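So the protein sequences, as listed, match chains A and B.
To convert, note that position 238 of the first sequence is 238 in our numbering; the numbers rise steadily by one, no gaps.
Here our numbering = 1-based position in the second sequence + 652.
FYI, nobody ran anything at the bench for these hints, they're computed from the structure.
It is possible that part of the hints are untrue.
Stated by the list, open to error - Cross-link-like lysine-lysine pairs, in silico, DSBU-like; alpha carbons within 30 Å at most: (1) K734/B / K636/A; (2) K296/A / K395/A; (3) K1046/B / K720/B; (4) K272/A / K720/B; (5) K1016/B / K720/B; (6) K1240/B / K1011/B; (7) K1300/B / K1081/B; (8) K720/B / K395/A; (9) K1300/B / K1240/B; (10) K1240/B / K1006/B; (11) K689/B / K761/B; (12) K395/A / K714/B; (13) K1016/B / K272/A; (14) K761/B / K792/B; (15) K792/B / K689/B.
Claimed, not checked - Listed below are several chain A residues computed to face chain B (Cβ distance under 10 Å; list not exhaustive): (16) E50; (17) V51; (18) D61; (19) L477; (20) P559.
As the structure is a prediction and not an experimental result, all values here were calculated from the model.
For glycine and all other residues, C-beta sits at the position ideal for the given N, C-alpha and C.
What follows is each chain in one-letter form.
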Amino acid sequence: MSRVNKPVLSVAGSERFHSDGVRPDRDAIWGGLKLFGYEPSSEIDPVTLEVVAHKLWQINDEQGETLKKVSGSPVATDANDFNVVLCDELGDIVNIGPYYLPHAANVDFMVKWTVQHRAENPGIHPDDMFLCNDPWVGALHPQDVAVLSPVFVGEELFCWTGSTIHQVDLGGVNIGSWCVDADDHFSEGMTYPSIKIVEGGAIRRDIEDTYLRRSRAPGLVGLDLRAHIASNNVAKQRLLELVERYTAQTVHAVMREQMDYAEQAFRDRLRKIPDGTWRCETYQEVSRTGDRGVYKTALALTKRGDSLVFDFTGTDDNVGMINSTRAGAVGGSMVALLPQLCFDIPWALGGLHRAITYETPLGSIVNAEFPHGVSMGSISGTWSVTNASNICIAKMLSSAPGLHDRLLAGCVGSWTVVILSGHDNNNETFVTMVMDCMAGGWGAASFHDGVDTAGLMAAITGQCPNVETNEGLYPVLYLYRRETMDSGGAGEFRGGMGATSCWVPHDTNGESLQLVLATFGQAFPTALGIDGGYPANTSMYTMVRGSNAEEIFASGRMPMDLAELDGDFEYLPAKCETMEAQGDVFEHTWSGGGGFGDPIDRDPAAVLVDVLAEAVSEDSARVLYGVVLTGGVVNKTETAAARTAIRADRLR
Amino acid sequence: MNVIRSFDDGRLLGDADYFYHGTTVTTNAMITGGGAKVGFITTAGHRDALSMMRIIGRSAGKSEAELKQYSYTGKPQPIVPKALIREVHERVDRCGTVVVPFDEVGARKAVCELAEAGVEAIAVCFLWSFMNRDHEQRMKQIVLEEAPEVHVAISCEIMPAIKEYERSATTVVTAYLAPLLTAYLNDLASELTTDGLAGPLFVMQSLGGAMGVSQAGRRAANTLASGPAGGVVAATFVGGLIAEKNIICADVGGTSFDVGLIVDGDPLITSQSIVNQYTLLVPALDIVSIGAGGGSVASVDLGRLNVGPTSAGAAPGPACYGRGGTEPTTTDADVVLGYIDPDYFLGGAMSLDKDLAEKAIHDKIAAPLGISTQAAAAGIVEIANHHMSDLMRKMTIERGHDPRDFVVFAFGGAGPLHGGALGRELGAKEIIFPLGNVASAFSALGLSVSDLTTVTQTTRLALAPLSAEVVSRTFQDLEAEALNNLQGAGVQPGDIQLNRVLELRYKGQVHQVDTPLPPDDLNDDILRGALVDFERRYEALFGPGSSYSDAGIELVAYRVVGTATVERSTLQEADLGPPDAGSALLGKESLYWRELGGETETAIYGELHPGMQLDGPAVLRMPSTTGLVHPGQSVRVDAFANIRIRSKE
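Pulled out of the complex, with its shape left as it was, chain A reads as follows (with noise of 0.2 Å):
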């Protein structure tokens, strides 16, 4: 049997590490901890109520901006792979920054798995913090390290506030922790089920070194946990200074009634939408090193009064490294849901889910059972989830009239990870996660074209980096950075296009570089169409191996297209390890975004302005949008025509 197939074991006890989200009981005792004891009937004054509302918020933003202070680290400060969260007693989200959400969304989950697992023994006390990157306790996969601090106020746990980053590297077999030659989770990177890394305000030098030794850059990893902790200390400290100028049955008042006010705004805008359940399947290809497997996420989405249901049912059993656990799944839900039906309203996710039902099959690659890998976790089993729930929310939308400008088509169908390592010419070791891949496109909106080189939907803010700053820190040379043509989703609205990067190795100390590559979306497009719109391109690997990239150079040209090349062309699979030596050429290409409506609807001037941008090629135009340009003018009579005959065709 091949190791691809290899099966995976359980094991016995490890449900004990399954957080399911809910809520604990209140009158749940745990090893004498006290909960915060409010007055359920304090009244508070609307002036009040926004006053500390707002400065609730700018706390949370005061411990983001503290912890990309901190940190400093590429990911975190430029590509904002972070969040921020505010949580009451038992976990429920207050709010959560406006970072990369689903790092804010999961908080909740090891929240309430910690106030049941850890009171006891070793306890929860003031200025304590517990470290948690479990995916079954509640992380969306182990590279994305939780800091969480409980809040009291005398003896009591009134709050909680929490901070993720996601880890450049964490161990496992594979540099980066995206461990594509997995078998099953032990070959990952080490997780920890919420430890109490600072006790007493102090950090616990055992479990630090702990934590530090199984990363391969413990210099950088180490700075985050800084961050995580700085931050969640201004943040307390100025929860502290709230509570004690507005006492703290108030600001408590307040939290409970960001949830209550969420609750109701949402459940309000779910009325004005009509009854019906929407349908999406969509795919993963490849589960690990040398699968070729296919692999289907199905949500049937159902909206009823003022509640919706998210469920699974039909998704495929776990398998190889491209499976979430539940916190994943439900913050998957959380980026499609929130930008297209929470625009207005606070992002209190723990008033929001009292409206929101998950039926998430245990055993399932949006539900995984442990030890199944979970290395991809946050861009596989969680995007996929973001995938279906982006299109069947759009589709629900697409039929409430009030909303319809709302909607987007699919967003950036997959994440391309490119981890990139070696040697520079000073014999400098660098790790890094290439985040070039930021500059997703965009679905289209039910009246304007998707956004081309947007950006992520899981994140409202975002950088990719210059090809400067690249070259600056890594010894490559970009033959190209673009826009690809025909990438956005053709459609009466066309999506947003995504890009393509090119390098060679350059100024290396001469030993190869190493690349760990992990995405979907090459086998079929991810990034779905609405309303008869089309979906975006598909994501792709491509290796020139011993390129005479070089000569071309000599010759007085840099060459535009991998087609100008002469080498070993190697069409990467999605998920593999490879090495880029001296004159390999190296070429990747991520999702743009969904189109809209009928692309044979699309005005042909829009479409000349496209193919003019070289946004869109002659060929799509007059294959897809049946549009004839002649002499570089649309030509009408030709249009007419072929938009009739694509017609005639689909009703044959």
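Please build the complex by placing chain B on the supplied structure of chain A, with the hints as guidance.
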């Protein structure tokens, strides 16, 4: 011009030593699309840096509330359509080494095509051109040969700094604005000369300082958004007069609230500015803005009272303007509470309708919440004040400072109305309505007290230890350029001060820290000292434990800031009169104060004079400004007529 001529038959110009000009020509051109038709030439393979905008072009300058509306976010209209971009085969690497030689034939063809397409200006940005300028300079030569009538801007002359997107955008915007701005300034200069001006013409920059006209083409983008800079420059000047070195500047206007910071007597500057969602490498005063002010609209939704971010703007404006607006705003609340005299708004230039303000607040806020109109109005003001003070706190803390170590300068149309509450909320040492009655027009003073400023810089990536010889040589080049810029504006070398700054960071980290170097001859000891200084500054800015010495320290860029102080107007100190403010008392009214939970008799004062003192609560209804003194605050007027407010102990 006619205004100036009307003064004294033109003698005003004849007597002037110089003429300061703050222009909105470039800002307007960015908004209306009135700049030149620009072509862009870049390195083969990198055409799309300008349209990709590093994706931040979708979010730059937008608020969180705006960004959450995904389907309504997007990138700005391109300044250069892709059809007017040409790629030239050439390539330089990070060390400045030529990898692909410059394609002369392709370059000429590109220029001819763009000229054929009718461009008025060509911007050029090649990768790593700040490390090796040859290809860009060759390109410029070719443009001059093939299309001499076309304006040309090359990135290594505009802003030789790493980051190709931002450098390209800066070069393109410069090319877009330069023809317009230079033509405008040349016309203005010749008119002024004809009318008798003997001294030079200076143009205000977003950096706060001014520049000579000869610089304006190359630095056209530096004139963008120079408006908000005036208030901070004026505050720096007045702060100097009264020995206040740490100042939070709060400029409260009708639709925008701008916060700037002065630390140790110098305004904070930032190396990039955001204009129309483009990130430009243009040094500017570090000013943060939100859409808040008198026009912020209040609303009730599901029992929640919200203020902003929607603004009623100037049309229809607040309900009390009587221009058809029915949504209650902060200004309406100030009118309802009696803080603003409806018959004396903007010094009587406009009269307001208190009934409309009351109706809007009653119908839209008080009735749905079941509270009195007065309490609703006070609530609106309180929420607006907290939004503003929260931003001031954020701005100060994020830059590594504690607001309690600062005084607050409150100016702009609504500054003195809200400043007292803002400063109290921050725990600031003192709240100052600068120059008293003219606080509403305080920004205008900034123009006349500006230095001439020039910034020259270049990126040079290098790992520490640094070579004293290389560092000296690089600074000498930048200093020569800075001297040249300032002398071109007609300044004597003796009046020029040059400051050296190294931009350093930990290798692989993002944050750069400005580290000053002495003007002396450099040696290894001084450079080692600068590295120690960097680490100290890093921890001060980013917090304890944030430094990362193991990574090594990397030099990113060199910068020289040249300033020349020109002879400027001064403010006269008045003799302090008696403390009794009785002569300024206009009367007493029973007004509502939220902190007291009800009405209390409140003194209303007119124009105050140096030396006067009084206690709150009070309303200062000066000829062109209205200010509030809250209960528990006391006021003294200093010799420059600054109104200075402290909490009573």
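Broken hints, by number: none
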